[in-house]
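Enquirer: The residues making up each chain are set out below.
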Amino acid sequence: MATINREKYEAVIGLEIHTHLLTKSKMFCGCSTEFGGVPNDHTCPICTAMPGALPVLNQHVIEIAVRAGLAAHCEVAPYSIFDRKSYFYPDLPKGYQISQYGTPVCKGGYIDLPPDKNGAPHRVRLVRIHLEEDAGKNIHEGGHSLVDLNRSGVPLLEIVSEPDIRSGAEAAAYVQEMRAILRYIDASDGRMEEGSLRCDCNVSVRPRGHKEFGVKTEIKNLNSFRFVEKAIEYEIDRQIDILESGGKITQETHLWDPVREVTRAMRSKEYANDYRYFPEPDLPPLIVPPDLVEAIRGEMPELPADRRARYIREFGLTPYEADVLTAEREVSDYFEATLSGLKNRKTAANWVMTEVLRIVRESGKSLAEAVPAPTEVGALLIMIEDLKISLNAAKTAFATMVKSGKSAEGTVAELGLAQVSDEGAIAEAIDRILAAETEKVNEYRAGRDKLFGFFVGQAMKAMGGKANPKVINDLLRKKLSG
Amino acid sequence: MSSGLNRLTIAEASARLHRREFSALELTRACLARIEAVEPQLNAFITVSEKEANEQAVEADRRIAAGDAPALCGIPLGIKDIYNTCGVRTTCASRILENFISPYDATAIAKLRADGAVFVGKANMDEFAMGSSTENSAFGPTKNPYDLERVSGGSSGGSAAAVAAHQCLGALGTDTGGSIREPASFCGVVGIKPTYSRVSRFGVIAYASSLDQVGPFTKSVRDAAIMLRTLAGIDRLDSTCSARPVPDYEKALRGEVKGLRVGVPKEYFIDGMAPEVESAVRAALKQYQALGASVHEISLPHASYAIAAYYLIATAEASANLARYDGIRYGLRVDAEDHNSLYDLTRALGFGTEVKRRIMLGTFALSAGYYDAYYLKAQKVRTLIRRDFENAFETCDVIATPVAPTTAFKIGEKMDDPLTMYLSDIFTISVNLAGLPGMSIPCGYDSNGLPIGMQLIGPPFSEEMILRAGDAYERSGAFTRREPAI
Ligand SMILES: [Zn+2]
Numbered sequence: 001m002a003t004i005n006r007e008k009y010e011a012v013i014g015l016e017i018h019t020h021l022l023t024k025s026k027m028f029c030g031c032s033t034e035f036g037g038v039p040n041d042h043t044c045p046i047c048t049a050m051p052g053a054l055p056v057l058n059q060h061v062i063e064i065a066v067r068a069g070l071a072a073h074c075e076v077a078p079y080s081i082f083d084r085k086s087y088f089y090p091d092l093p094k095g096y097q098i099s100q101y102g103t104p105v106c107k108g109g110y111i112d113l114p115p116d117k118n119g120a121p122h123r124v125r126l127v128r129i130h131l132e133e134d135a136g137k138n139i140h141e142g143g144h145s146l147v148d149l150n151r152s153g154v155p156l157l158e159i160v161s162e163p164d165i166r167s168g169a170e171a172a173a174y175v176q177e178m179r180a181i182l183r184y185i186d187a188s189d190g191r192m193e194e195g196s197l198r199c200d201c202n203v204s205v206r207p208r209g210h211k212e213f214g215v216k217t218e219i220k221n222l223n224s225f226r227f228v229e230k231a232i233e234y235e236i237d238r239q240i241d242i243l244e245s246g247g248k249i250t251q252e253t254h255l256w257d258p259v260r261e262v263t264r265a266m267r268s269k270e271y272a273n274d275y276r277y278f279p280e281p282d283l284p285p286l287i288v289p290p291d292l293v294e295a296i297r298g299e300m301p302e303l304p305a306d307r308r309a310r311y312i313r314e315f316g317l318t319p320y321e322a323d324v325l326t327a328e329r330e331v332s333d334y335f336e337a338t339l340s341g342l343k344n345r346k347t348a349a350n351w352v353m354t355e356v357l358r359i360v361r362e363s364g365k366s367l368a369e370a371v372p373a374p375t376e377v378g379a380l381l382i383m384i385e386d387l388k389i390s391l392n393a394a395k396t397a398f399a400t401m402v403k404s405g406k407s408a409e410g411t412v413a414e415l416g417l418a419q420v421s422d423e424g425a426i427a428e429a430i431d432r433i434l435a436a437e438t439e440k441v442n443e444y445r446a447g448r449d450k451l452f453g454f455f456v457g458q459a460m461k462a463m464g465g466k467a468n469p470k471v472i473n474d475l476l477r478k479k480l481s482g
Numbered sequence: 001m002s003s004g005l006n007r008l009t010i011a012e013a014s015a016r017l018h019r020r021e022f023s024a025l026e027l028t029r030a031c032l033a034r035i036e037a038v039e040p041q042l043n044a045f046i047t048v049s050e051k052e053a054n055e056q057a058v059e060a061d062r063r064i065a066a067g068d069a070p071a072l073c074g075i076p077l078g079i080k081d082i083y084n085t086c087g088v089r090t091t092c093a094s095r096i097l098e099n100f101i102s103p104y105d106a107t108a109i110a111k112l113r114a115d116g117a118v119f120v121g122k123a124n125m126d127e128f129a130m131g132s133s134t135e136n137s138a139f140g141p142t143k144n145p146y147d148l149e150r151v152s153g154g155s156s157g158g159s160a161a162a163v164a165a166h167q168c169l170g171a172l173g174t175d176t177g178g179s180i181r182e183p184a185s186f187c188g189v190v191g192i193k194p195t196y197s198r199v200s201r202f203g204v205i206a207y208a209s210s211l212d213q214v215g216p217f218t219k220s221v222r223d224a225a226i227m228l229r230t231l232a233g234i235d236r237l238d239s240t241c242s243a244r245p246v247p248d249y250e251k252a253l254r255g256e257v258k259g260l261r262v263g264v265p266k267e268y269f270i271d272g273m274a275p276e277v278e279s280a281v282r283a284a285l286k287q288y289q290a291l292g293a294s295v296h297e298i299s300l301p302h303a304s305y306a307i308a309a310y311y312l313i314a315t316a317e318a319s320a321n322l323a324r325y326d327g328i329r330y331g332l333r334v335d336a337e338d339h340n341s342l343y344d345l346t347r348a349l350g351f352g353t354e355v356k357r358r359i360m361l362g363t364f365a366l367s368a369g370y371y372d373a374y375y376l377k378a379q380k381v382r383t384l385i386r387r388d389f390e391n392a393f394e395t396c397d398v399i400a401t402p403v404a405p406t407t408a409f410k411i412g413e414k415m416d417d418p419l420t421m422y423l424s425d426i427f428t429i430s431v432n433l434a435g436l437p438g439m440s441i442p443c444g445y446d447s448n449g450l451p452i453g454m455q456l457i458g459p460p461f462s463e464e465m466i467l468r469a470g471d472a473y474e475r476s477g478a479f480t481r482r483e484p485a486i
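Line by line, the protein sequences give chains V and U.
When you line the first sequence up against the working numbering, it's residues 1 to 482, in that order.
When you line the second sequence up against the working numbering, it's residues 1 to 486, in that order.
Hints may be right or wrong, so weigh each one.
[Unchecked claim] To spell it out: a stretch of chain V is covered by chain U in this simulated footprint if at least three of its residues, at any positions, have a beta carbon under 8 Å from a beta carbon of chain U; those stretches are:
(1) 48-58
(2) 92-102
(3) 279-285
Hint data in this document are derived by calculation from the structure and do not stem from the laboratory.
Every residue gets a Cβ at the ideal spot worked out from N, C-alpha and C, and that includes glycine.
The whole structure should be built from the sequences, with the hints applied where relevant.
Expert: Here's what the structure looks like:
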């Protein structure tokens, strides 16, 4: 593509996020929602659409939808209905998907993204959140097309944003934040690589300053933050390029090709559908009583945005630190569990961000599997704070604990890492050194300040490296000045 | 060398089974023998499950011997081929399911099975319950036991004919717009469509989900009460099924109707109604007066819109309900280059003309740009029709009407004229639209000896009352049953 004049144009982007819900069983039958498994193992007459089978709504789904609605500041509809969305595809057993069309379970709402590099806040408004069921999966192998219905009927939330997003990076930040929220409220595992969270992006461009929207295209089925960002950036460039060369944008659906890093238009046959929505006669209306909403509101966990603000306000962390620590609920919970009895939160923040996350990254395991329990890390941090061990000794202990799984206290004792703070022992050692080095003592007293380090080194050496450096410093200063 | 046991009612047979006068196996064999004898002429069954029926009968005898068996234990029944029956072919009278063996039982089947009922076979019907004559079956029409040149009615024609011809003691049907009541009327048996949601639809192959309802065919009102008692009630597999407790319908049959207010809708006595049908129903109304009921005229002003509304709502729902027959997972498949051609060829070959007509009509009614004018408008009409009945029931307890404008018509007579065929259900359709219980009971014969049926309609969940009213009429002796020619 030629150089693109991005300054002249503004992109307008809206996202539809689809996420599997963390329920044990499917939306309308008792089959397992577990990912993977032998194809068609998690099926029954209902999710394979045998003749005469009927759906019965999994009540857990309602609770999760309400949690999502409250987390995103939506209005939870006391009454909504399910609709049938009709289209033929081999992975759609009934020939229709049970969805919500006219009356979504949640309306409106917004989420606040973490401030960008320049510190500017960004609010993305939502149009709606509705419930629907997933389809199965077509597998093409050896010249055959096969259908796996394990995923058929797995509950989904579709979260539709207003077109409040202006760039690929913002879109990625929005997906990241929404994913974090959904994970915080136990709505979704957010595993994008497994397809349990994916998104469709509606992208259009317009000359900067114009009010009307341009013609939009839809990019379907993006399953990583990186793809969201890249696909949108590509699509923005593509559209500007067309407009700049006097062309017109066609309203169409695109797929992202992650290998060639381009979007390609689907054949119109692949998506041109009149879905013929009508109310699902097999299901009663979805009634969400206000007292249920209030009960769920009372049990809502703290959300990432609130945690971020609290870390900055109460712990004195920087926005960047707060961001890193809250991005995953697991990390944030871990961090908080290290804090008990600790005065300096910053130490814990640094430790989790560097030591803990490094081990997690290197091991490729989950947080819980990769590192010692947060209380043990907390114990280690308290020893640093109480000057019982040095920072370096703590790192050594931590590395050992990662492998052995033993307690902080035990490891520090076993490795003999505890610092000596016994003033008597340290004073004795200092007295011996000062008596032996009278010449250097005189030089120091005559003004050669640099020699102070020499005395510290000697004292530390005499103590086998385990003396509390602060005690050495204090005593040395006193004795040398005396 | 017929034992004649197959001619008994359920109530009679049940009492005698429990007195050990004969065995369930003997009773079942009598039915199977009758099936073998008359099936070549009647064609009431798509599948006869002789082996399974004998096994069930043996098991029923064991339960009866052990004591404490339910009333339906050992009673041979016919099952409309729209019910999923585990292990026995379920075709819905369609080529597309011609070889479909269901992996599961419908709830109604499971309940009857739990009571120890015996299933002699899967009864013929209009394909996917779409029709009023059973001529739309991929397995040929079921003949009327009173005149083999005439239809048995539909869509549950096989079930009605089988009961009338004593091939079984009772049968299951389904009713979406009259599919139990009209064939019951044509074959001179009792057929009740309960209140929508009274009986679980789980495992009943869906035609129009908001209208379909399960119900029995029997030789007497008492038998209908006995069967309904087993069928009705909450089902966690059907979320539209009512949680209301199920009364003992048989106990409701006290035999008296004194003070009952019978309403007769003036809109139902239309041009085109056979005079013999009208006079038979009017005579039945006289009988009610003689029994101490009052009869007065009521109005259902939106009655004339019922057929139009029905054919939009039912076909719209059907167009989605029948989308699952795509040749991918079960049933007929015509292989092709790509999946779209596979759908086209499979459905073109698998579905009959009337089913295709209704799928197209329903697809059209739901299409973008037409939804408001057709589907939505039809739903509004449905509300008006429901209100008509609510208003009517302010001044009466039960509404009595003819079931159909005519008696059974000749096979082939209306096949080329779907609109005339649709009029067969003109008196029954609004009952489905309003979700009400309705029952067809025999009330006479025309000059050709063909049965005439009267319909009793009640408010929601008034099955006890309409059964009582029907039973009282039956017991009054005003009507004498004539055995069919076959
Ligand atoms: Zn299932």
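Enquirer: Are 3 or more residues of the stretch 48-58 of chain V near chain U, judged by a Cβ distance of less than 8 Å?
Expert: Since 10 is at least three, the answer is holds.
Enquirer: Can the stretch 92-102 of chain V be counted as covered by chain U under the rule of three residues or more with Cβ-Cβ separation shorter than 8 Å?
Expert: Check passed, 4 qualifying residues.
Enquirer: Quick check: the stretch 279-285 of chain V, covered by chain U? Criterion 3+ residues, Cβ under 8 Å.
Expert: holds (count 4)
Figure legend: structure checked against the earlier numbered hints; every hint is met.
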